[in-house]
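2 protein chains.
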Amino acid sequence: MGQLYPWKTSIPLDRQSHRPLYLQIVDALIREIVSGRLASEYKMPGTRYLASLLEVNRKTIAIAYDELTAQGWLKTVPAKGTFVSDSLPQLKPVVPSDAPSSTYLPEKARFEVTTLVSSFRNSPNALLRITDGSPDVRLAPTEEIYRWCRQIAKSATSLRYQDEQGDSYLRETLAQYLRQTRGLVCQPEQLLITRGSQMGIFLAFQALLQAGDTVIVGEVSYPEANRVIELCGGNQLEVPVDEQGLSTDAIEAICQRQPVRALYITSHHHYPTTVTLSIDRRMKLLALAQKYDFAIVEDDYDYDFHYASSPLLPLASLDTQGCVIYLGSFTKCIAPAIRVGYLAAPTDFIRSITPYRRLIDRQGDPVMERALAKWIEAGDLQRHVKKSLRIYRERRNFLSQYLRVYLNSALSFREPEGGMATWVRCDSIIDTLALAQYASKREVSLEGVEHWQNYQGIRLGFASLTSDELEQGMNVVTKGINFLQKKN
Amino acid sequence: MGQLYPWKTSIPLDRQSHRPLYLQIVDALIREIVSGRLASEYKMPGTRYLASLLEVNRKTIAIAYDELTAQGWLKTVPAKGTFVSDSLPQLKPVVPSDAPSSTYLPEKARFEVTTLVSSFRNSPNALLRITDGSPDVRLAPTEEIYRWCRQIAKSATSLRYQDEQGDSYLRETLAQYLRQTRGLVCQPEQLLITRGSQMGIFLAFQALLQAGDTVIVGEVSYPEANRVIELCGGNQLEVPVDEQGLSTDAIEAICQRQPVRALYITSHHHYPTTVTLSIDRRMKLLALAQKYDFAIVEDDYDYDFHYASSPLLPLASLDTQGCVIYLGSFTKCIAPAIRVGYLAAPTDFIRSITPYRRLIDRQGDPVMERALAKWIEAGDLQRHVKKSLRIYRERRNFLSQYLRVYLNSALSFREPEGGMATWVRCDSIIDTLALAQYASKREVSLEGVEHWQNYQGIRLGFASLTSDELEQGMNVVTKGINFLQKKN
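Chains A and B are the protein sequences, given in the same order. Residue 452 in the numbering used here is what sits at position 449 of the first sequence, and the numbering runs on without skipping anything. Residue 485 in the numbering used here is what sits at position 482 of the second sequence, and the numbering runs on without skipping anything.
A few of these clues could be false.
Since the list can't tell identical chains apart, any single copy or any two copies may satisfy a pair.
[Claimed, not checked] No more than 27 Å apart at the CA atoms, straight line, and that leaves these computed lysine-lysine pairs for BS3-like:
{"hint": "1", "residue 1": "Lys46", "residue 2": "Lys83"}
{"hint": "2", "residue 1": "Lys62", "residue 2": "Lys78"}
{"hint": "3", "residue 1": "Lys377", "residue 2": "Lys157"}
{"hint": "4", "residue 1": "Lys78", "residue 2": "Lys489"}
{"hint": "5", "residue 1": "Lys489", "residue 2": "Lys11"}
{"hint": "6", "residue 1": "Lys490", "residue 2": "Lys46"}
{"hint": "7", "residue 1": "Lys62", "residue 2": "Lys294"}
Because the hints were derived from the structure by calculation, they are not lab data.
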């Protein structure tokens, strides 16, 4: 019996694998049974025969059969032999009998797969990346931070499950830091530690929105916030953005017409235009939030980087009425790999939002959180920001100078007062995606174009590149613009 | 002018703070203006007067006034003095004028706060914690893992933004590991790296469910999965759980009645009862998923810990039709602080789910992900599991022995074949929450009771405690049971 069965191809053995041979045989035979190729009551070949066929020790087959019998796949009838169990529910033999037995997880799911959110492009591995505004990770003080991590990980306490609101020591240190750097006075229990601004955006809108709730956003805005609002069922209404930021007149007009649940704003440096919301608009916005009872989600992702006078206080620091949910992150100060951010809000909102944090991601990284607290407490974050600020200012100035000299007739821009990117607009109609493709072929990835095609806008991240690198990258961009202009 | 204003209390100065005094004055004056206490056109006191009142240098006041003028809060009229700007929109002076000017973020938000999900209790800081099944972090090889982290963090590449699907090197290593340890054959692109099982549960149901979709769960199940399904709009139908696991007859009966979108199962060791789903139920369940086109979300949080024969293959390893979404995590193998898990599924589902991962949490921790890959590749994970397995088996045996000797008449249990906890049921009616309170007063926290009160069930985590600690903790539990039984 069993001589006709293609045992050798059905039971592929990998002798380099760490998985014992007997378990590889078990796996393969289970697959044969599950696929229906080995039907119930099928008489299995003798151990000696199968062993010689597979070139393994006979004991190996015997152990595999024992295991399969113990698990219920096979049964042994004394004096008759070993059979595939007849008590197993049969799966339809949907796989053709000549299919390989070690199948991969299929390409397609059996259940219906819906894609609510379209996929983002991944950044290509170009030689030189002009991002939409990332820090220079080469400046990141990871040596110190991971030294702290290693030390903290020695304590069992920091390895256990922890408070989903985040490390209490980091929340205390952060409360101090926010007070010192931006006049934001809050208690540690008014802070929730997140994995970065993105998680803060998600949690805020998840807790705020019911399906159909109105959310006001800029006509250009941070696309991944737009997607979160969409995902959470929000109905987005756009308001114009001018050189003072979001138009508060337009916001007021909406509020007069209909209930508004929330507003999303990057007040310090509007994304993507880098415009700072003016003082009177700040006051007006807070007054509107008070009058119409909506929540302001203030995404302050790059507060620390301001090159002119001291930066304006965040809306959250001016708010005495509990209108503002404030989001920040260490991603832009240190490195994208350091995934720690925070959300500051009135106590009742923090209490409402914390269970959501637990549901999407049990808790943060207690070792990294404590390490950051130690590092901030030692004054190292402020020193690092100060150093980066000096370097980034030079790079911003270099880019401005480059744009004035080489691209004055093709691009308009206003030098940003802070942040890590300069927002430029093309004076003539240029396909910015075609420009990115042109650059990509020349090993330069131009990442800040994707969402601004209709606005002829590009975000040119200057912070992550040295002057030499910026020059090299911008030379390709300049050639691309000239090429595309001639083509028009 | 200004002599009547309570300047000294309105401008509290902290001379220990790292925030410069002039900025503290700026902050405080902005707050006075925002709160409406300093009205527009109010004439500010002279710098000399205010400086002497606040006991600071006159220049400090002058710099503060300059900053406020530059930002637009104040205006200077030549030969007349400095005034609060009259161009600012007025906020209602809602704060009484005697309120302190450095207010905290309020307790209550102005906008309406809804709490959809009730808060969980945080674990108390008891002397001795009998968890619901956590690993012993004292065994965790964090020294090696963080040594890898430090080395990997030296490379700028790992500090930049990375693929939201997770480190490609970890996905390759993990594909190997899953094949070797559980016969699960998948490609790296069929894996999504998460922060742990919890994020996997959230992402799976977020992508699967529309409001009102039916999800089948056990009558007892993992409560935080239940909450996620609720949050994602799922309608949960419960099926009985017996000594073979979820009842497939009950599942079939539901499928015959109505469409089913998904089923949640902890097949290896059912949570909380630790029961293993039998082979014929596995086959039946897969057949049902194929017939009725529903997704099986298989949460295999503790596959690595099995004390009897080699563990049954996961449903995902038997599935050739793309019915299963498989969740795993390193949390239980290493330590809760190491927040890396994964989701394996058909390629199209992985593509559908990845954008959600990006929206809730831009990406994982590339340094830790690469470190784990290196560590697994070196064979250290398997060595660590083997060592832990030996220790945990002894602890399980110790607990079984204790239960038989001291609590035989009060509790029923079946020794679990794997995992980190033993499920016990009280024979007489005991208030298990009262038992936890009794223990808590004696410095022992009994954590696996919260959700099982109606079932008279307790999950006793044995893995995280030595025999001595288990004995000490269980002695308190025994006394508590005796005390409560007498009271009845």
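> How would you classify Lys377 and Lys157 at a CA-CA limit of 27 Å: within, between, both, or neither?
Replying inline: both (15 Å within a copy, 20 Å between copies)
> Between the shortest in-copy and the shortest cross-copy C-alpha distance, which are at most 27 Å for Lys62 and Lys78: within, between, both, or neither?
Replying inline: within (18 Å within a copy, 94 Å between copies)
> From the Cα coordinates, with 27 Å as the cut-off, is the pair Lys62 and Lys294 best called within, between, both, or neither?
Replying inline: Result: close neither inside a copy nor across copies, 81 Å intra and 39 Å inter.
> Which holds for Lys489 with Lys11 at a C-alpha limit of 27 Å: within a copy, between copies, both or neither?
Replying inline: Answer is neither; intra-copy 65 Å and inter-copy 66 Å both fail.
>> Within a copy, between copies, both or neither: which one fits Lys78 and Lys489 at a CA-CA cutoff of 27 Å?
In response: neither (79 Å within a copy, 50 Å between copies)
> Under a CA distance limit of 27 Å, which applies to Lys490 and Lys46: within one copy, between copies, both, or neither?
Replying inline: neither (74 Å within a copy, 62 Å between copies)
> Is it within, between, both or neither when you check Lys46 against Lys83 at 27 Å Cα-Cα?
Replying inline: within (9 Å within a copy, 107 Å between copies)
When the structure is compared with the earlier hints, violations turn up for hints 4, 5, 6 and 7 and for no others.
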